[in-house]
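Trainee: This is what each chain is made of:
There are 2 protein chains.
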Amino acid sequence: MAKIIVEVMPKAELLDPQGKATANALRRGGATEFVDVRIGKRFELTVDGEITPEILAKAEQLAADVLSNGVIEDVVAVAEVAA
Amino acid sequence: MAKIIVEVMPKAELLDPQGKATANALRRGGATEFVDVRIGKRFELTVDGEITPEILAKAEQLAADVLSNGVIEDVVAVAEVAA
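Residue numbers (our numbering), protein chains in the order written: chain A, 874 to 956; chain B, 874 to 956.
Source of the hints: derived by calculation from the structure; they are not laboratory data. Beta carbons: idealized from backbone N, C-alpha and C, even for Gly. There may be inaccurate statements among the hints.
[What the hints assert, rightly or not] Using 30 Å as the maximum straight-line C-alpha spacing, the simulated DSS-like pairs for lysine-lysine come out as follows:
hint	chain 1	residue 1	chain 2	residue 2
1	B	Lys-914	A	Lys-884
2	A	Lys-876	A	Lys-914
3	B	Lys-931	A	Lys-893
[Claimed, not checked] Just a few of them, taken from the derived set where beta-carbon distance is under 10 Å, the chain A residues facing chain B:
hint	residue
4	Ile-877
5	Gly-892
6	Thr-905
7	Glu-906
8	Val-908
9	Glu-917
10	Thr-919
11	Glu-927
12	Leu-940
Kindly generate the complete structure, drawing on both the sequences and the hints.
Mentor: Set out below in structure tokens:
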């Protein structure tokens, strides 16, 4: 079955404590090339049947309304994934 | 600065209660086209300077060792993002 990926990240201007903790852990482990880490969510929506433009538009709407919190998060991608 | 995206998903064979709850919420809301939802993590690693093959390889290593739990998760993508 076809899948749509929705990716949601914390708004850039917000502090990301989990990301900071991960960045510090990488640095302590010697991976100093990575100066910052931010952590968001990746949703895989399985679609029954084909992905039509209408279904993709509905996924975009759901991404904004249900799968993310518009106050603290941005939807950064909504895309069909080759099966 | 350049960024590397690491995407981690729960292993396919594992129950994903958050995903199931989200799928049920979508269905109750009338979005019956989406028969399943799985939720994972999306990491943005900011790199100081250029992304070399060595840095990408290091990110892959960190994705497996630090950013994911190999018992319950799979790393599904490690890729450079155009700035």
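Trainee: Under the criterion of a CB-CB separation shorter than 10 Å, is Leu-940 (chain A) in contact with chain B as hinted?
Mentor: For Leu-940 (chain A), the interface hint holds, since the closest Cβ of chain B sits about 7 Å away, which is under 10 Å.
Trainee: Keeping to a limit of 30 Å between CA atoms, is the pair of Lys-914 (chain B) and Lys-884 (chain A) held or broken?
Mentor: 15 Å, holds
Trainee: Just to be careful: measuring from the Cβ of Ile-877 (chain A) to every Cβ in chain B, is the smallest value less than 10 Å?
Mentor: With Cβ-Cβ at 8 Å, under 10 Å, it holds.
Trainee: Given a cut of 10 Å on the nearest C-beta pair, is the interface hint for Glu-927 (chain A) held or broken against chain B?
Mentor: With a closest approach of 9 Å, the Glu-927 (chain A) hint holds.
Trainee: Can you verify the interface hint for Glu-906 (chain A): is its Cβ closer than 10 Å to any Cβ in chain B?
Mentor: Holds: closest Cβ of chain B sits about 5 Å from Glu-906 (chain A), inside 10 Å.
Trainee: Mind checking the CB of Thr-905 (chain A) against every CB in chain B and telling me if the closest is under 10 Å?
Mentor: This hint holds: Thr-905 (chain A) lies near chain B, its Cβ roughly 8 Å from the closest one there, short of 10 Å.
Trainee: Does Lys-893 (chain A) sit within 30 Å of Lys-931 (chain B), going by the straight-line distance between their CA atoms?
Mentor: Judged against 30 Å, a Cα distance of about 19 Å means the pair holds.
Trainee: Would the hint on Gly-892 (chain A) be counted as holding, given a Cβ-Cβ threshold of 10 Å to chain B?
Mentor: 8 Å, holds
Trainee: Does the CB of Thr-919 (chain A) sit less than 10 Å away from some CB of chain B?
Mentor: 4 Å, holds
Trainee: Hint check: Lys-876 (chain A) vs Lys-914 (chain A), CA-CA at most 30 Å. Holds or violated?
Mentor: Holds, at about 16 Å.
Trainee: Identify whether the interface hint at Val-908 (chain A) stands, where standing means a beta carbon of chain B within less than 10 Å of its own.
Mentor: Status holds, d = 5 Å.
Trainee: Report holds or violated for the interface hint on Glu-917 (chain A), using the least CB-CB distance to chain B and a cut-off of 10 Å.
Mentor: For Glu-917 (chain A), the interface hint holds, since the closest Cβ of chain B sits about 4 Å away, which is under 10 Å.
Every hint from the earlier list agrees with this structure, and none is contradicted.
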